[in-house]
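Using the sequences and the hints, build the whole thing.
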Amino acid sequence: MDITRRRLLVLMPAAAVAWKYVLAGTPEASPNYRLTEHWWGMLMDITKCIGCGSCVRACAEENDVPDGYYRTWVERYHVDDWKIERPEVEAPDGGKHGYLHERDEGGKNFFVPKLCNHCAESPCTQVCPVGATFIAPDGVVLVDKNYCLGCRYCIQACPYGCRFLNPKTNTAEKCTLCYHRITKGLTTACCEVCPTGARQLADLKNPKDPIHEFLRTHSVQILKPQMATGAKVFYNGMDGSVR
Amino acid sequence: MNLFKDTEHLIRLAVVIVLALIAFVVLRTALVPRSFGQYGHYRGDAIAEIAARPVAFAGHQTCEACHTDVVDLKKQGKHVVVACEACHGALAKHADDPGSVQPKKLDTAVVCARCHEANSAKPSGFPQVVTADHSGGLACDTCHQPHRPKIETEGKK
Amino acid sequence: MQIPVEGFMYPNEVELQWSILIVLYPFITGLVAGAFILASLERVFQVQAVKPTYRLALLTALAFLLVAPLPLQLHLGHPERSLEMYLTPHGSSAMAMFGFVYLWYLMAVLLLEIWLDYRRDIVVMSQKERGWKRLVYRVLTLGSSNISERSLHIDERLGYFITLIGIPSAFLLHGYVGFIFGSVKANPWWSSPLMPIVFVFSAMVSGIAAVMLIYMFSSRLRGREIDMRCLDTIARYLLYTFIIDFSLEMLDLLQRIYEADESFRSLDFMVHTRLWTSQVIVQILLGTVTPIALIGLIQFVKLTQTTRKRIYGIAGCLTLMGIFAMRWNVVIGGQLFSKSFLGYTTYKMDFATREGLLPALILMILPFVILWVLVKLLPPWLESSPAPAISAAPARGIN
Numbered sequence: 000m001d002i003t004r005r006r007l008l009v010l011m012p013a014a015a016v017a018w019k020y021v022l023a024g025t026p027e028a029s030p031n032y033r034l035t036e037h038w039w040g041m042l043m044d045i046t047k048c049i050g051c052g053s054c055v056r057a058c059a060e061e062n063d064v065p066d067g068y069y070r071t072w073v074e075r076y077h078v079d080d081w082k083i084e085r086p087e088v089e090a091p092d093g094g095k096h097g098y099l100h101e102r103d104e105g106g107k108n109f110f111v112p113k114l115c116n117h118c119a120e121s122p123c124t125q126v127c128p129v130g131a132t133f134i135a136p137d138g139v140v141l142v143d144k145n146y147c148l149g150c151r152y153c154i155q156a157c158p159y160g161c162r163f164l165n166p167k168t169n170t171a172e173k174c175t176l177c178y179h180r181i182t183k184g185l186t187t188a189c190c191e192v193c194p195t196g197a198r199q200l201a202d203l204k205n206p207k208d209p210i211h212e213f214l215r216t217h218s219v220q221i222l223k224p225q226m227a228t229g230a231k232v233f234y235n236g237m238d239g240s241v242r
Numbered sequence: 000m001n002l003f004k005d006t007e008h009l010i011r012l013a014v015v016i017v018l019a020l021i022a023f024v025v026l027r028t029a030l031v032p033r034s035f036g037q038y039g040h041y042r043g044d045a046i047a048e049i050a051a052r053p054v055a056f057a058g059h060q061t062c063e064a065c066h067t068d069v070v071d072l073k074k075q076g077k078h079v080v081v082a083c084e085a086c087h088g089a090l091a092k093h094a095d096d097p098g099s100v101q102p103k104k105l106d107t108a109v110v111c112a113r114c115h116e117a118n119s120a121k122p123s124g125f126p127q128v129v130t131a132d133h134s135g136g137l138a139c140d141t142c143h144q145p146h147r148p149k150i151e152t153e154g155k156k
Numbered sequence: 000m001q002i003p004v005e006g007f008m009y010p011n012e013v014e015l016q017w018s019i020l021i022v023l024y025p026f027i028t029g030l031v032a033g034a035f036i037l038a039s040l041e042r043v044f045q046v047q048a049v050k051p052t053y054r055l056a057l058l059t060a061l062a063f064l065l066v067a068p069l070p071l072q073l074h075l076g077h078p079e080r081s082l083e084m085y086l087t088p089h090g091s092s093a094m095a096m097f098g099f100v101y102l103w104y105l106m107a108v109l110l111l112e113i114w115l116d117y118r119r120d121i122v123v124m125s126q127k128e129r130g131w132k133r134l135v136y137r138v139l140t141l142g143s144s145n146i147s148e149r150s151l152h153i154d155e156r157l158g159y160f161i162t163l164i165g166i167p168s169a170f171l172l173h174g175y176v177g178f179i180f181g182s183v184k185a186n187p188w189w190s191s192p193l194m195p196i197v198f199v200f201s202a203m204v205s206g207i208a209a210v211m212l213i214y215m216f217s218s219r220l221r222g223r224e225i226d227m228r229c230l231d232t233i234a235r236y237l238l239y240t241f242i243i244d245f246s247l248e249m250l251d252l253l254q255r256i257y258e259a260d261e262s263f264r265s266l267d268f269m270v271h272t273r274l275w276t277s278q279v280i281v282q283i284l285l286g287t288v289t290p291i292a293l294i295g296l297i298q299f300v301k302l303t304q305t306t307r308k309r310i311y312g313i314a315g316c317l318t319l320m321g322i323f324a325m326r327w328n329v330v331i332g333g334q335l336f337s338k339s340f341l342g343y344t345t346y347k348m349d350f351a352t353r354e355g356l357l358p359a360l361i362l363m364i365l366p367f368v369i370l371w372v373l374v375k376l377l378p379p380w381l382e383s384s385p386a387p388a389i390s391a392a393p394a395r396g397i398n
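Chains as they are written, first to last, in numbering that gives the first Met the number 0: chain L, 0 to 242; chain S, 0 to 156; chain D, 0 to 398.
Some clues are possibly wrong.
Said to hold, decoys possible - Pulled a few chain S residues facing chain D out of the computed Cβ check, cut under 8 angstroms:
| # | residue |
| --- | --- |
| 1 | Glu7 |
| 2 | His8 |
| 3 | Leu12 |
| 4 | Arg27 |
| 5 | Leu30 |
Worth flagging that the hints you see were computed from the coordinates, not collected in a lab. From a predicted model like this one, the values you see are computed outputs, not experimental measurements. Don't be surprised by glycine CBs; every beta carbon is placed ideally from N, CA and C.
As structure tokens, this is what we get:
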């Protein structure tokens, strides 16, 4: 196959329309993407997560995340018998290199991947003094890095610890749900590379999205429900010890 | 008239305040970005700016459009659900111009272990080994074909 | 630079977001609010005894208020964008609304009150002085040189009215800072309805102590005798305010210990380890209990003037140290523990970086430099001031 036919074949799939915009670098979302037709969230299946860290690495590569900061990370939990209020948790380098060492200590062990919950009633957007962080009409909480002052109030206000200050831009930063991908019909980088399907992007406004059936048939939780944040990342099989 | 004289300083102050307020309003009109408030209390243009970021991972559909041979091989095994770039890294640049960007050769000892190294936190049904005992330090692709990992009794590479 | 972590922290929590500059900021605005409340004691509540410190308290408040935005500017990732807070303030953000509270307080209350009180002197000096000083005074008069009886009377009435508004404004100024912390539900060390009130009372304590010390020090510098009736009264108000402040803080502590909710074990451990020195030793024992005991002692035991002055000096310094420690414990303490309640981090304070100790020290000294300039420009002790200065009468009885 020569180069031109390859080019043609690359342009054929669903991403083709979006791809044109990717190559052109034009600053607007694909024309066939309507903000009001989507309400994004994510489904995390704890029973499937193997703690490989592919998501953490992919996110860092896709989004130029600086070392030592994490838009997503994977925690490893160890719960001893009935002591669910005192788990032992670790996340060496955010779980970026996976968890290679064998830790056979008995008890209950599992992985919990975390990221921004894109809360419908987010405390972080509430406290931003200038309107640099906001929830877009399609449910993704974003940061306008050309407007952010770097006051860090939003970082203090997030109950989940998913925000950080990017030392290169001096603005607040966090998971954008790969907004630049999902608006072009692609899935997020973390969901793309997850080998077990533990992470699945979900469009809550799409009636055909499999999440609706999943939520109906499984017991799911959100992180810190007592904070009443309207979190939109749903965890299947999550233990009560998870913080 | 006398009262005016005695409050003259206050009137002057009031004028200064009004001028300052007018200056502020003018400043605001000049400086606040046009698209601010379009969808909510933020710069509407920000949405498009964030969405315009170039993509680093092409997505398995794009890979599969060309590499049909690998697709067929993967379909025969458990790795059919694993996206190409999960192991090979972000390759949108390669998909865009295959000739100029060559994907790096992978070190299977590192790549495979990340998923398959035994750890008690991994779901018990998931295939995992203690690599030191399993392969004695050999690279995984010595025996396994990564795109179709299961070893048949009469192993085909 | 590796930051030592104990236990587990969410990966992005390890590095502290708000540094010593953010500790400095509530400390400074607290001094402002406190100094102003002291000034208004005389104006509105007719506490004649503290009159000698009226103008000094106002100038102190102004000096500190002018410095207050500076630690914030140094802290911001993009200080050049800080005007956005006035151009597009986010209505739901306490921080944004604070920008206006600050501006209101500075312009409508403090500057106006100082201007009205000093106007007669400004006009006099605009005619007496020469050179660039003359120009400065001329500008300050806004072009009007009317200092007739009637105009001064109007000024006085208006000034009274402004002080009246100024008192709740001063409470709002610093109560707001308390609310900025107290409204963060994600942080159990901060989240409390008591926060604004605790901040207001501790602000009053620090402001009163600051004015008391500045008054004693400046009198010494000018070789003037200290008005003991004034000083004793100020110290008494410091005591009353301190008792209320301490009671509030102890109430918060007792409630936390008793209820012992999910965050308690983690916070308790933090106080016993990382915050032991700054909270228990410096803030509570040295910074609160000791000054209360010292000034309290004076209420019951007759002591000489010299002894009382010494005690006030010590108590004042300890108080300021204690209130600073309180701000430290709130801001830094609130970031030392993980929101997972499973771990603790460490605050690594640099020296000569943008948010290090050196700029913090400079910012603490700067208000005194500004105060010196203000005192030179608008002397609080001008002989021709409208209200007669209280003469250095011998202290009554107590010797």
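Earlier hints that do not hold, by number: none
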